[in-house]
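**Q** Please construct the entire structure, taking both the sequences and the accompanying hints into account.
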Amino acid sequence: MNFEEVISQFNEIFIDVLENDDIVLERETTAKDIEEWDSLNHIQLVVEIERHFKLRFTSSEIQSFKNVGEMCDAIVAKLQ
Amino acid sequence: MDFNTLRKKAKGLELSNGKSVIKVAILANHASQFLAKALEYQGVINELNLEIYEADFDQIESSILNPSSGLYEFSPDFVYISYSSRKLIPKFYDLSVEDRRVFAKKFVEDVNGLAQMLKERSDCQVIISNLEPINDNIYGSISHKVDSSLYHQINKSNLLLEELCTQSLHIHLADVQSLITRVGLENAFSPQHYVNSNLAFSIDFTVSIAEQLVQMLLAFTGRINKCLILDLDNTLWGGIIGDDGIENIEIGDLGIGKAFSDLQRWVKQLKERGIILAVCSKNREEVAKEPFEKHPEMILKLEDIAVFVANWSNKADNIRYIQEVLNIGFDSMVFIDDNPVERDIVLSELPEVTVPDLPEDPAEYLPFLVRMNLFETTTYSENDSDRTRQYQEEAKRKNLSKSFTDMSTFLASLKMKGFFGPFNDFDVPRIAQLTQRSNQFNLRTIRYTESEITDIRNSETDHGFVVKLSDKFGDYGLISILIAQERNHEELFLDTWIMSCRVLERGVEHFVMNYLVERTKSLGFKWIVGEYLPTKKNMLVKNHYENLGFKREDELWYLELEKFSPFDVYIQSAES
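If you read the sequences in order, they're chains A and B.
Residue numbering for the first sequence follows the numbering used here, beginning at 3 and increasing consecutively.
Residue numbering for the second sequence follows the numbering used here, beginning at 19 and increasing consecutively.
Do not rely on the hints blindly, as some may be mistaken.
What the hints assert, rightly or not - When the alpha-carbon atoms are kept at most 25 Å apart in a straight line, the in silico SDA-like pairs for lysine to any residue are as follows:
no.	chain 1	residue 1	chain 2	residue 2
1	B	K414	B	I323
2	B	K29	A	E37
3	B	K105	B	V120
4	B	K124	B	Y157
5	A	K68	B	Q51
6	A	K68	B	N216
7	B	K123	B	D193
8	B	K414	B	D489
9	B	K29	A	E38
10	A	K56	B	N205
11	B	K539	B	Y576
12	B	K105	A	E63
13	B	K29	A	H54
14	B	K137	B	H190
15	B	K29	A	S41
16	B	K109	A	S61
17	A	K34	B	V213
18	B	K569	B	D513
19	A	K80	A	M3
20	B	K560	B	G542
21	B	K27	A	H54
22	B	K490	B	S426
23	A	K56	B	R25
24	A	K34	B	N22
25	B	K29	A	D18
26	B	K27	B	P374
27	B	K26	A	S10
28	B	K27	A	D23
29	A	K34	A	E63
30	B	K307	B	G260
It is worth saying that the hints were derived from the structure and are not from the lab.
Values in this document were obtained by computation on a predicted structure and should not be read as measured data.
**A** Okay, structure coming up:
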């Protein structure tokens, strides 16, 4: 799966969990850009992403993601 | 169900108006935000109007000890205390070996101290979760033998918590341990989210904890199942009795009979606990009854069944008939049937009845039904197990009443004996149960717990009365309760008047009034004041006070004791 495919599936998950249909994710998008993306919802997002892609992030990955792009890169790498 | 699915299921649901608020406080030694969310969602789905308060992270003790904490300001009805073993581990490791040996004892003593303080300051019910069993494997498989091991002390804590709950009326156990047994510790816990966010339970597991809590809260508010209605062919036994004949139905050792025998054993235990059993089957009655009478391996017998309906009519109509005989709400009935078509008919015509979506394989019936926890309750009293006999006696009375044309002759022929007296300790569980279970003959529908009933019993200004009744067919036991409060020197207010619908139209209200007036006069009052608070279910007593001669003033009903003349009754007074 390539980056574009991953980020578009991410987008679906974000819309679903954050209940905001207007979300359009880009590589540089961070929690500051999306009002609903608080620390609590971040955990939910992580859980749903893990469920969707059937993989696990490590605890430091979860802490250190700086933006959507890094999360997607991590997925792409794990899926290879 | 996972957390996200629960969230979506709750979204968009709205509570119907008029549901009273239940205030629940969550105190945890771990991050509880997801638990609070899950509880909120489960509440909405189950039509509970919950208001949830979350204490700050790891502030169990200080919230309770500090009298001006946010917890007391919130004034909770229920306090849920959740200790996670995982958070206790560092403290445990800091203890000396001697202190480790008494860890469980001390932990539960502390919990008890906190619960007592809560009770004194806030008069709430305390729900304490037991500890998740974590074996740190420091002692490998001999942890059980080493009484200073973590695992040994966790298990001991859970046993002691259970004992504490059997002794204290206002402390209840939320059995997180059994939930973990079901899903496995690995699914209940996510190391990543624990390390990052102090979540002692995975967010999906909070759904299960919240489900269990909501089941307890539903029972506390009187929403419980009282009756189990059973289909027969391929539900209670394998095969079709009308086609296969008594010797070929699968039960006991024949075919997959064990699945059905085990189910019957469980159903029999429910009956012993006080759940009313009814049969609803498409069959000829004598054919349907034959296995109950003659099959040596049938565990359920005819005398276990309060109402037996076997005919070819629509099952929804038959359940309506069962409801009429038993006089309980549809929402307290569970119907089990292997046939999805029959289930659909009942569900669509009687949406209040609980109709489990039984799995196809009979081997899965019992585990599936057990998992649903259909018969949650908050109290148990020993006369619950007599209930089937009471309903069978009622059927005999119904037959007798048909042979009389005149009501008073019928009532006289019953040779009733009644007792009216104050609350006593022995009756406390039954009294609390009546307040929680009665919906129809219930003037104000105030629910009480056992500890609150004990408080009323010991109070100087509240007066609780019980009424017991028997007749020539049997003993009804405790069938009515009243709680009266002194409003001022002249007026006694009836906070609660509840009567079991089994004794409607026996003149019990008149019997009660005669005694109540006498008692109220002797206490020096001049007026009895009553109130009717309408609910969906208590239309029956809409005109109760009017019928008894009370006069209405604004929303209240007044009876002047001087003007009261005793009613004629057909109930002889008994000592107890």
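**Q** Taking the hints in turn, state whether each one holds.
**A** How the hints compare with the structure:
1. B:K414 with B:I323: holds (14 Å)
2. B:K29 with A:E37: holds (19 Å)
3. B:K105 with B:V120: Holds, at about 18 Å.
4. B:K124 with B:Y157: holds (22 Å)
5. A:K68 with B:Q51: Since the Cα atoms of K68 of chain A and Q51 of chain B sit roughly 24 Å apart, the hinted pair holds (cutoff 25 Å).
6. A:K68 with B:N216: Holds, at roughly 21 Å.
7. B:K123 with B:D193: Measuring from Cα to Cα gives roughly 19 Å; hence the hint holds.
8. B:K414 with B:D489: Distance ~12 Å between K414 of chain B and D489 of chain B Cα, so the pair holds.
9. B:K29 with A:E38: Measuring from Cα to Cα gives roughly 16 Å; hence the hint holds.
10. A:K56 with B:N205: holds (14 Å)
11. B:K539 with B:Y576: Roughly 15 Å separates the two Cα atoms, so the pair holds.
12. B:K105 with A:E63: Answer holds: K105 of chain B to E63 of chain A is near 23 Å, not above 25 Å.
13. B:K29 with A:H54: holds (21 Å)
14. B:K137 with B:H190: Cα-Cα ~13 Å, so holds.
15. B:K29 with A:S41: holds (21 Å)
16. B:K109 with A:S61: holds (24 Å)
17. A:K34 with B:V213: holds (23 Å)
18. B:K569 with B:D513: Roughly 17 Å separates the two Cα atoms, so the pair holds.
19. A:K80 with A:M3: The hint holds at about 10 Å.
20. B:K560 with B:G542: violated (29 Å)
21. B:K27 with A:H54: With Cα atoms ~19 Å apart, K27 of chain B and H54 of chain A stay inside 25 Å; holds.
22. B:K490 with B:S426: Holds. K490 of chain B to S426 of chain B sits at ~16 Å (cutoff 25 Å).
23. A:K56 with B:R25: holds (21 Å)
24. A:K34 with B:N22: holds (23 Å)
25. B:K29 with A:D18: Given that 25 Å is the threshold and the Cα spacing comes to 12 Å, the pair holds.
26. B:K27 with B:P374: holds (19 Å)
27. B:K26 with A:S10: Holds, at roughly 21 Å.
28. B:K27 with A:D23: This hinted pair holds, its Cα atoms lying about 18 Å apart.
29. A:K34 with A:E63: holds (18 Å)
30. B:K307 with B:G260: Holds, at about 11 Å.
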